[in-house]
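Q: Required output: the full structure, derived from the provided sequences and hints.
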Amino acid sequence: MVCVPKEMKTFCRAPKCKKHQLHKVAQYKQGKGSKIAQGARRYNRKQQGYGGQTKPVFHKKAKTTKKIVLRLTCTSCKLKTCRAIKRCKHFELGVSSKQK
0 MVCVPKEMKT
10 FCRAPKCKKH
20 QLHKVAQYKQ
30 GKGSKIAQGA
40 RRYNRKQQGY
50 GGQTKPVFHK
60 KAKTTKKIVL
70 RLTCTSCKLK
80 TCRAIKRCKH
90 FELGVSSKQK
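According to numbering that gives the first Met the number 0, the sequence shown is numbered sequentially starting from 0.
Warning: the hint list may mix true and false statements.
As the list claims (entries may be wrong) - Derived lysine-lysine pairs resembling DSSO-like cross-links, with alpha carbons at most 27 Å apart:
hint, residue 1, residue 2
1, 8, 54
2, 66, 77
3, 59, 8
4, 23, 65
5, 28, 59
6, 28, 8
7, 23, 88
8, 31, 60
9, 66, 85
10, 34, 5
Said to hold, decoys possible - Between beta-carbon pairs, the in silico distance windows are:
hint, residue 1, residue 2, range
11, 94, 8, 15 to 21 Å
12, 33, 65, 19 to 25 Å
13, 44, 23, 39 to 45 Å
14, 62, 28, 16 to 22 Å
15, 34, 7, 32 to 38 Å
16, 18, 45, 50 to 56 Å
17, 16, 64, 20 to 26 Å
18, 52, 0, 35 to 41 Å
19, 16, 93, 20 to 26 Å
20, 94, 44, 43 to 49 Å
21, 93, 44, 43 to 49 Å
It should be emphasised that the hints constitute simulated quantities derived from the structure, not laboratory data. Bear in mind the structure is a predicted one, so any value in this text is a computation, not a measurement. Backbone N, C-alpha and C define an ideal beta-carbon position, used for all residues, glycine too.
A: And the structure:
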């Protein structure tokens, strides 16, 4: 289990900061896919009509975990950066130690 604090002090790359600042930590979440993106339009056009599934559907899933990505927001300049950490099955944000 990985526990990450809600605020951490780390380096800010923004031109106005360029030093260690306090950052707010959040877990990165992928946004909703766009229906008007070129790949989605091409796929939908190819799927139309007779002929069944035209593109391969991936079934051989090997990984059981995903890499956790932290979204760091600088409290002074509001610059947002992403930082990937290792794979884990359980991830908690804002829990300092094990509580029983």
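Q: Taking the earlier hints as the rules, which of them does this structure contradict?
A: Violated: hints 1, 3, 10 and 17.
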